[in-house]
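Trainee: Each chain, letter by letter, is given below.
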Amino acid sequence: DSGVTQTPKHLITATGQRVTLRCSPRSGDLSVYWYQQSLDQGLQFLIQYYNGEERAKGNILERFSAQQFPDLHSELNLSSLELGDSALYFCASSVEGLADEQYFGPGTRLTVT
Amino acid sequence: ILNVEQSPQSLHVQEGDSTNFTCSFPSSNFYALHWYRWETAKSPEALFVMTLNGDEKKKGRISATLNTKEGYSYLYIKGSQPEDSATYLCASRDDKIIFGKGTRLHILP
Numbered sequence: 001d002s003g004v005t006q007t008p009k010h011l012i013t014a015t016g017q018r019v020t021l022r023c024s025p026r027s028g029d030l031s032v033y034w035y036q037q038s039l040d041q042g043l044q045f046l047i048q049y050y051n052g053e054e055r056a057k058g059n060i061l062e063r064f065s066a067q068q069f070p071d072l073h074s075e076l077n078l079s080s081l082e083l084g085d086s087a088l089y090f091c092a093s094s095v096e097g098l099a100d101e102q103y104f105g106p107g108t109r110l111t112v113t
Numbered sequence: 114i115l116n117v118e119q120s121p122q123s124l125h126v127q128e129g130d131s132t133n134f135t136c137s138f139p140s141s142n143f144y145a146l147h148w149y150r151w152e153t154a155k156s157p158e159a160l161f162v163m164t165l166n167g168d169e170k171k172k173g174r175i176s177a178t179l180n181t182k183e184g185y186s187y188l189y190i191k192g193s194q195p196e197d198s199a200t201y202l203c204a205s206r207d208d209k210i211i212f213g214k215g216t217r218l219h220i221l222p
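If you're matching them up, the sequences are chains A and B in order. Using the working numbering, the letters of the first sequence map in sequence onto residues 1 to 113. Using the working numbering, the letters of the second sequence map in sequence onto residues 114 to 222.
Keep in mind the hints are simulated off the structure, nothing from the lab. In this text, a Cβ means the ideal position worked out from N, Cα and C, and glycines have one as well. There may be inaccurate statements among the hints.
Computed far set for chain B versus chain A, every beta-carbon distance over 10 angstroms [as the list claims (entries may be wrong)]:
1) Ser123
2) His125
3) Thr132
4) Ser137
5) Thr153
6) Glu158
7) Tyr189
8) Ala199
9) Pro222
The list that follows gives simulated cross-link-like pairs (lysine-lysine, BS3-like), each with its CA atoms no further than 30 angstroms apart [what the hints assert, rightly or not]:
10) B:Lys209 x B:Lys182
11) B:Lys155 x B:Lys170
12) B:Lys155 x B:Lys182
13) B:Lys171 x B:Lys214
14) B:Lys155 x A:Lys57
15) A:Lys57 x A:Lys9
16) B:Lys155 x B:Lys214
17) B:Lys182 x B:Lys171
18) B:Lys182 x B:Lys170
19) B:Lys170 x A:Lys57
20) A:Lys9 x B:Lys214
21) B:Lys172 x B:Lys191
22) B:Lys191 x B:Lys170
23) B:Lys214 x B:Lys191
24) B:Lys214 x B:Lys172
25) B:Lys170 x B:Lys209
26) B:Lys182 x A:Lys57
27) A:Lys9 x B:Lys155
28) B:Lys172 x B:Lys155
29) B:Lys170 x A:Lys9
30) B:Lys209 x A:Lys57
31) B:Lys171 x B:Lys155
32) B:Lys172 x B:Lys182
33) A:Lys57 x B:Lys214
Next up, chain B with everything else stripped away, as it sits in the complex (with noise of 0.2 angstroms):
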């Protein structure tokens, strides 16, 4: 992998369920990966920052797991609401920082 990329694109999630997306990485010279949660006309704010491989990290119904091994990080929503609507990014971050393209999450009330 030469790109961060993310997976899926877009995502539909009924309020009250549980949901997870992946961001996959270039695993070579890899420093830490980023996480942060963006929402429409506003600016990225931070979730996550990650460094060690097996790392888990939570914040509130939001964690984050890392395996740096093998290139993935995945981020996990439990009892979605309608506020988690937004665009989820990772960015990878070696000598410079790349970021994946983002996974969109719609809250269906």
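Pulled out of the complex, with its shape left as it was, chain A reads as follows (with noise of 0.2 angstroms):
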């Protein structure tokens, strides 16, 4: 168990929906980091919040939107979502950012039908 949680573990909806997946990190750590890993791709990064302010961006759709709260969680909403948008999506924590070890949390599930 790393302490990185996330909820839910299985997401399930239609197309052209709109999710919330929410991301609590470990205890102490300030950056959260949200990964998409789909079946024909890898791990891909899309953003990193650090203390609350956005500190990275990689390859997220304008679509897709996060956050990060005063306590820390961090939450990635998912709007018109399309087929291709089904992948497990990792959240992770670290103590501030670049070099430091990240710690992975579970995954949630996103299948869009």
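With the hints as a guide, bring the two chains together.
Mentor: Okay, here's the thing in structure tokens:
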């Protein structure tokens, strides 16, 4: 158990809908990262937050947004969902950022039908 | 190199043998290189974070080296055990994070 929690574990929804994935980092970690793993692609970095502010951005679609709250938990919002958004979404946390080990949560499996 | 590339894609190693595999990454704007161990149906688990050219890190039977000038890192596993069977991922960090596709390691009893 890494200490990072993600909810829900599984989510099934229809195209065009909007969902919110939630992540609670390890106690004391200030950075949160979001990743997407789809069947045909490896692990893709979406976005990083550090202490409430966006720190780095990867291949995150405009339909997706994230935020980190004052209590350091983070939410990833996915809207206008498409079939291709079906994937495993991981959250990870680290103490600060660039050169710290990242601890991954168990992931949220999103299925868009 | 524009992407992070790992080789080989897959590797079968006899139990007790030692092995190594490679991660190549863009050497410009480099900040850190991460190695992860990823077992099926689990989450990636951090092995090493390396930042300095010539860095060597070790954790038990697993070690890694880093060459930032030429843009590669090696991961070594000494005396492979069945529990080493996993996918080993590397990720390069500059202003974003780019993962390789991993090396799938199978340890044969």
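Trainee: Between B:Lys170 and B:Lys209, does the CA-CA distance stay at or below 30 angstroms?
Mentor: holds (23 angstroms)
Trainee: Is the claim that B:Ser123 lies outside the interface with chain A correct, judged by CB distances over 10 angstroms?
Mentor: holds (14 angstroms)
Trainee: Quick one, are B:Lys170 and A:Lys9 close enough, alpha carbons at most 30 angstroms?
Mentor: violated (34 angstroms)
Trainee: Does B:Ser137 really sit off the interface, with its C-beta more than 10 angstroms from all C-beta atoms of chain A?
Mentor: holds (15 angstroms)
Trainee: Given the hint that B:Lys155 pairs with B:Lys214, does the C-alpha gap stay at or below 30 angstroms?
Mentor: Satisfied, since the Cα-Cα distance of roughly 16 angstroms is no more than 30 angstroms.
Trainee: Starting from B:Lys172, check that the Cα of B:Lys155 is at most 30 angstroms away, please.
Mentor: holds (20 angstroms)
Trainee: Are the Cα positions of B:Lys171 and B:Lys155 separated by 30 angstroms at most?
Mentor: holds (23 angstroms)
Trainee: Beyond 10 angstroms from every Cβ of chain A: is that where the Cβ of B:His125 lies?
Mentor: holds (21 angstroms)
Trainee: Hey, does B:Thr132 actually stay past 10 angstroms from chain A on C-beta?
Mentor: Holds: least Cβ distance 21 angstroms, greater than 10 angstroms.
Trainee: Is the straight-line distance between the alpha-carbon of B:Lys182 and that of A:Lys57 30 angstroms or less?
Mentor: holds (25 angstroms)
Trainee: Can the restraint linking A:Lys9 and B:Lys155 be considered satisfied, given a maximum Cα separation of 30 angstroms?
Mentor: Measuring from Cα to Cα gives roughly 13 angstroms; hence the hint holds.
Trainee: Going straight from one Cα to the other, do A:Lys9 and B:Lys214 come out at no more than 30 angstroms?
Mentor: holds (24 angstroms)
Checked against the numbered hints above, the structure breaks hints 6, 12 and 29 and satisfies the rest.
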